[in-house]
Structure formats: C-alpha cells, structure tokens
Amino acid sequence: KQEVTQIPAALSVPEGENLVLNCSFTDSAIYNLQWFRQDPGKGLTSLLLIQSSQREQTSGRLNASLDKSSGRSTLYIAASQPGDSATYLCAVNEDNQGGKLIFGQGTELSVKP
Amino acid sequence: KAGVTQTPRYLIKTRGQQVTLSCSPISGHRSVSWYQQTPGQGLQFLFEYFSETQRNKGNFPGRFSGRQFSNSRSEMNVSTLELGDSALYLCASSLPGAEKLFFGSGTQLSVL
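For the protein sequence lines, the chains are A and B, in the order given.
At position 95 of the first sequence the residue is numbered 95 (our numbering), and the sequence of numbers has no breaks.
At position 86 of the second sequence the residue is numbered 199 (our numbering), and the sequence of numbers has no breaks.
To be clear, the hints were calculated from the coordinates, so they are not data collected in a lab.
Treat the hints with care, as some may be off.
[Said to hold, decoys possible] When the alpha-carbon atoms are kept at most 27 Å apart in a straight line, the in silico DSSO-like pairs for lysine-lysine are as follows:
{"hint": "1", "chain 1": "B", "residue 1": "Lys126", "chain 2": "A", "residue 2": "Lys42"}
{"hint": "2", "chain 1": "B", "residue 1": "Lys213", "chain 2": "A", "residue 2": "Lys1"}
{"hint": "3", "chain 1": "B", "residue 1": "Lys126", "chain 2": "B", "residue 2": "Lys170"}
{"hint": "4", "chain 1": "B", "residue 1": "Lys170", "chain 2": "A", "residue 2": "Lys1"}
{"hint": "5", "chain 1": "B", "residue 1": "Lys213", "chain 2": "B", "residue 2": "Lys170"}
{"hint": "6", "chain 1": "A", "residue 1": "Lys68", "chain 2": "B", "residue 2": "Lys170"}
{"hint": "7", "chain 1": "B", "residue 1": "Lys126", "chain 2": "A", "residue 2": "Lys1"}
{"hint": "8", "chain 1": "A", "residue 1": "Lys1", "chain 2": "A", "residue 2": "Lys68"}
{"hint": "9", "chain 1": "A", "residue 1": "Lys42", "chain 2": "A", "residue 2": "Lys112"}
{"hint": "10", "chain 1": "B", "residue 1": "Lys126", "chain 2": "A", "residue 2": "Lys68"}
{"hint": "11", "chain 1": "B", "residue 1": "Lys170", "chain 2": "A", "residue 2": "Lys42"}
Next up, chain B with everything else stripped away, as it sits in the complex (with noise of 0.2 Å):
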C-alpha cells in the first residue's frame, strides 16, 4: 500500500510570491491535515479536511488555505510568501475518527 505522498520534496520562492503544495493521502484515508513544522515553533497544526471539507483550522493567517478533491487529494496554498514561511510542511492522513496519523515525508519550502 503506497503512503501518503507529497509533491514537491523541495521548493525555493521569493518573498510576495505564492505557492501550491500537493498532498496524496493514502488509499481509503478520507481526512488529510497540514502541519508546519519549524526549528523554533516545532509542529503547528494549520488544517484538517474531510470529504471536501474543513474540519479544523489553527491559528494561520488568511494567507494559508488548503482545499481537499473529490479523490481525498489535498493542496495548500500561502500567498503573498513571508521569510518566517520557510519551514517543512507535512500532510498527514488517516481513517475518520482518531486513528493513527500517517505522515508524508514533506515539502521543504525556502522562502529567500
């Protein structure tokens, strides 16, 4: 069974640009969440969505938003990118209800 991947392993912007990352759950898991993950703030959870919608929200700014596909598939897209964006950002999926997360191995964005 294939895990959770995400696309693009590594990505480099530049302040005001933005930028879309992809998330492909694992096969019959219907919710995907999205964490950052940064050396001084450790894991924050951003969003959690499940059959298309969102189900949870943490503390982001507007400029952070996610949208889930019909196929479970997610993306989440910041806009206007800051220099405090850089950070590996992780989807995790897994079954409804609290079950274990599986994460993917992540987005390494560098925002210069």
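With the rest of the complex left out, here is chain A (with noise of 0.2 Å):
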C-alpha cells in the first residue's frame, strides 16, 4: 500500500531565505506526482506537476525535483516571502486514469517578515 510522508511537518523562516520541503513515498511505481498549496480553510492549488519520466519542473521561484528510484521528491522554494506561508501537500498518482491522488500530511509553512 503507497504511503506518502512529508518531513518536517512545520517550518518557520524568516523572509528571504531559500527552503526546501521533503516528501517520500513507499511504492516507486507511480505515473506522476503533484506538488499542491493549502491557505487555511481554502482548497487546494496546484503547483507543479511532475511526470514519472521527469526529474524536475520549474515555475517562478519553485522547483521540484523527482526521484522515483528513491522515492523522492523535494520542492525548492527560492527567496521566501510572507505570501508564501500555506500548507504545502505533495501527492502521488498511481495509474493515468487521474482523480485518485494520495497525499502526504503536509507542510506547514510559515516565513516571518
């Protein structure tokens, strides 16, 4: 059964400083894996998406690599701001039909100004 962890479960920074969020799965097998942001009470925005064939994918100051041999991935946030402070949620797909994600627990991130 996949199992998504995400380490560490909160991070506070201050403004300006480059981060880096964790998340590992157990089964390598998956087609894609989707790096998403949470703002309290809110649903769910989609970041990033990276295709099992892919190492890495890049939007603005974010960048998310893949490791599929490992089970690995990690998002890299350049030059934080305050407006980056959310909950950050990686999920892994397992087959191409789409819908059914498994999720992480997430990463609760705060940047103080």
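Need the complex rebuilt from these two chains, each delivered in its own frame; the hints are there to steer you.
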C-alpha cells in the first residue's frame, strides 16, 4: 500500500531564505507527483506536476524534483516571502486515470517578515 | 474560465441526518473526484466519476455515495451522519488522463 510522508511537519523561516520541503513515497510505481498549496480553510492550488519520466519542473521561484527510484521528491522555494506561508502537500498518482491521489500530511510553512 | 464550484460552503447537521454536497467542475472537465480532509487523517480519496460512471473508489463505508450528471456536475451524499464525518469535503476536476487536478474551496461539514 502506497504511503506518502512529508518532513518536516512544520517549518518557520525568515523572509528571503531559500528552503526545501521533502516528500517520500514507499512504492516507486507512480504515474506522476503533484505539489499543492493550501491556505487555511481553503481548497488546494496545484503548483507543479512532475511526470514519472521527468526529473524536475520549475515555475517561477518554485522548483520540484523527482527521484522515482529512491521514492523522493523535493520542493525548493527560492527567496521566500510572507505570502508563501501556507501548507504544502505532495501527492502521488499511481495510474493514468487522474483523479485518485495519495497525499502526504503536508508541511505547514510560516515565513516571517 | 470559472473554477471548480462547491456548494454549500458551510453545513451544520446533526447525527443521523443525511447530507448532499454539490460540485460543478471546470467547463470541459469530465472527471470529478471527491476527497475528505480531517486534521487527523489528512486528505483521503472518496471516489472519482468520469462520464457519469464511478471509475475509482476509496476505502469509505457505503454511507458515502456519489453520482455524476450528464453535464459533469457531481453530487456526493452521506447518509446517517456520524460525528466523525465532520470534515472539509473537497471536489476536484481534471481533463481525461492524469493531468493536474483543480480543486474547489470545499464544503465544511460539521456534525453535532
């Protein structure tokens, strides 16, 4: 059974710092991996999607990497800002049907001004 | 382009009642998935519908059910509510295939 783990559970950094969020999964037979952001009481916003054949994806200050063989992904946030404060979730998709994701518990990020 | 719309935004029910939640996907998206989010269990997959057919189902009791209409709008129903059903229920839509999921803002259900 696939399990997704995110470390750390919470992280507090000063504004401007570069940071890395970690995600690990137990079964490397994934189709893709997505990183999401969730603000309190709100839905999820998709940040980056990495297909299993890809190594990384970039969007602005965000860079996500995927090492399928070791069951790991990282989300790198450059020059963090207070507006980046949110919970970040990673999720794996094990088939090509699209709708069934297995989520980690998330990392709650706080960026202090 | 309008996003995923979920109604109602908040709902308060008592134990034993039933509830129906609604989700309108992004125009052109035919896949709709439902998730339950609680502080203890995190985000858990409930079920997915595609072209009015349930394509995938999570590990939830039969009290949780859903359906999808010909216009891709979806509803989920929870019967005989229990206190533990209190959660944020999220709906997501996507294009066919394993593409990005787009989530709605959710329905916050409180069972008293």
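Taking the hints in turn, this is what the structure says about them:
1. For a cut-off of 27 Å, the pair hint linking lysine 126/B to lysine 42/A stands: about 21 Å separates their Cα positions.
2. Annotation: proposed proximity of lysine 213/B to lysine 1/A holds, straight-line Cα distance about 23 Å (limit 27 Å).
3. A C-alpha spacing of about 25 Å is found between lysine 126/B and lysine 170/B, which places the hinted pair at or below 27 Å, so the restraint holds.
4. A threshold of 27 Å between alpha carbons decides the hint, and for lysine 170/B with lysine 1/A the separation of about 15 Å falls inside it, so the pair holds.
5. The straight-line distance between the Cα atoms of lysine 213/B and lysine 170/B is roughly 19 Å, inside the 27 Å bound, and the hint therefore holds.
6. With a C-alpha separation of about 25 Å, the suggested pairing of lysine 68/A with lysine 170/B holds against the 27 Å cut-off.
7. Distance hint between lysine 126/B and lysine 1/A is unfulfilled; the C-alpha atoms sit about 34 Å from each other, more than 27 Å.
8. A distance of roughly 16 Å separates the Cα atoms of lysine 1/A and lysine 68/A; the hinted pair therefore holds under the 27 Å criterion.
9. With a C-alpha separation of about 21 Å, the suggested pair lysine 42/A and lysine 112/A falls inside the 27 Å cut-off, and the hint holds.
10. Taken as a hint, the lysine 126/B and lysine 68/A pair is broken in the structure, with Cα atoms around 44 Å apart against an allowance of 27 Å.
11. A distance of roughly 24 Å separates the Cα atoms of lysine 170/B and lysine 42/A; the hinted pair therefore holds under the 27 Å criterion.
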